[in-house]
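*Asks:* Single-letter residue listing:
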Amino acid sequence: MKDFLRVFFSRPIPLVGLVIFAVIVALALLAPLLFGRGPFIIVGMPLLPPGAPGLLAGSDVLGRDMAVGLAYGARISLLVGITSTLCAVGIGVLLGAVAGYYGGWLDDLLMRVTEFFQIIPSFVLLMVLVAFLQPSLSSTVIGIALVTWPQVARVVRGEFLSLRGREFVQAARTLGMRDARIIFTQVLPNALPPIIVVGSMMVGSAILTESALSFLGLGDPNLLSWGSMIGGSRSAMWVAWWTTVLPGLAIMITVLALNFIGDGLNDALNPRRRR
Amino acid sequence: MNRLSYIGARLVKTVLITIAVVLLSFFLVRLAPGDTATVMAGQGGFADEAFMKSLRAEYGLDQPVLVQLWKYISAVAGGDLGNSFVRRQPVLDVILERLPNTLLLNAFALLVAVAGGVLMGMAAARRPGSTTDASMTVLSMIFYAMPQFWLGMMAMLVFSVWLGWLPPFGLETMGADYTGLARLGDIAVHMILPGVTLALYFMASYARLTRTAMIEVADQDFVKTARAKGIGEGQVARRHILRNALVPLITFAGLQSAILVGGSVLVENVFSWPGVGTLAYEAVTTRDNPLLLGIFIVTAVLVSLFNLVTDIAYSIADPRVEQGR
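For the record, the sequence lines run as chains X and C.
Just so we're aligned: 264 in the working numbering is position 264 of the first sequence, and the numbers increase by one with no gaps anywhere.
Numbers in the working numbering are just positions in the second sequence, counted from 1, shifted up by 1000.
None of these hints come from the bench; they were simulated from the model.
Careful, some of the hints might be misleading.
What the hints assert, rightly or not - Think about it this way: if two alpha-carbon atoms lie no more than 20 Å apart in a straight line, the pair counts; the simulated EDC-like pairs of lysine to aspartate or glutamate are:
| id | chain 1 | residue 1 | chain 2 | residue 2 |
| --- | --- | --- | --- | --- |
| 1 | C | Lys1013 | X | Asp108 |
| 2 | C | Lys1013 | X | Asp107 |
| 3 | X | Lys2 | X | Glu167 |
Computed from a prediction, not measured in an experiment: that's the story for all the values here.
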């Protein structure tokens, strides 16, 4: 653990990522306290530029405070990014572990499914899933998890394949442990580092995917997210740049911070990358 | 294993993928609340029980699932993807009408991405760890963090709204009625912004891949031999290193094509490019489920065909893969 922290903080990039991410999380958590009225309240004239009285980030097409929208948008992005990744990791670990531990036809079948998901255009499939389930927060999370779990499954399977023949697994088997217990208490803890690295990278891409869905109008209609802010301001872009530039910057900074953290985790957890 | 049986095995795989896509679609339809009959009745405004029953009989919805599945598979195999709810036209016809525009945009983007990425990768590989190399790593990190549709909007804001250099949307100038070469030029100018936006994301990956491959290949014995023979550094890089480093790009182009199609949906929408991507958006907003599903089937089959082509091309460029399996 000490070693992990030393490597993680040895370069400035992961630290910068962590600080930015902490600020965004704080903003998301404090949004209802800071702006209790919610993001849908009209506060003034439409399309006021940033810096207009009381409007730090200007107002949007309907005269709503952009700063409030940005703070509330962070809640949706983080919520979707984290929960959909957790779901995907859950499915991926379960199926990847079974495939890697048992091998044989189960493994073959799972690898074919993974390959299938790599070959089909998953964003189009995601659009179909969300549209057919009706756009909502839960259909977004389920949809993203359903198209991203194969990435996790591949990594977990690989780890299990290389770990299942080791002495400590044989020892556990000789002790009479059941397979489920060996998988979860013996092998899985040793396979965790790469799972954490992949998971940290997936949060950022899930946030990007969510923003794309809500940009196309496939987000939850009752929630304001960064993607829907951009989608709703398309017609105003010509006269009010801030309506599209600011939410996009918010997405970019959040994803960048997450990728910086992921990079640091990769350095600290992947022995091959240690120098 | 010879080339013919390798290609045969890949063909079988492509057919299996297509079947899996159709099976998946059949079950996706069942995700939506209500069946075709309720949707159609809902559009009609009013329907009594008897009318619903006759609708269900007409569309075979009262038959066992396996019978419905069999009918569905044979319909899709015959090119019947159902009818668009909104347009009242066969789904396949609607898609095929838009498909050429999407293929054009994607081919252009792929070309730009490969050409730009290879050049950037070569520049970075010349001296690993140099400023060029480091700044490219930073740039690609930033590109990966941007929503692609937003990158397109920013490009439009700068190059169309502020600078006024390029047309912001559409396939060609409305009402200009250019013909022949003038029309081609007009379309080319309209294609620059969406094409480069789509390409930029992939350019970073191609650059990274070329860089790694070039550094790897540069270390091998045949390159040392070439240098020992007294061949100039530039020619070693182009003739010996690059030619071998490019081979993995072929497979990569195949694997990335699925992501390219997803990006195309968004970029087409930003730039109002009249392709399958804007059609998908129209299908979403008008709740035209058969059309949306048809787009999924068609794009999935096209991507798997493209993967078949790149795999065959790879086996020609690097015959070792045929022995692999």
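*Asks:* Give a verdict on every hint.
*Replies:* Status of the hints after comparison with the structure:
no., hint, verdict
1, Lys1013(C) <-> Asp108(X), "holds, 14 Å"
2, Lys1013(C) <-> Asp107(X), "holds, 17 Å"
3, Lys2(X) <-> Glu167(X), "violated, 27 Å"
Against the hints set out earlier in the document, a violation occurs for number 3 only.
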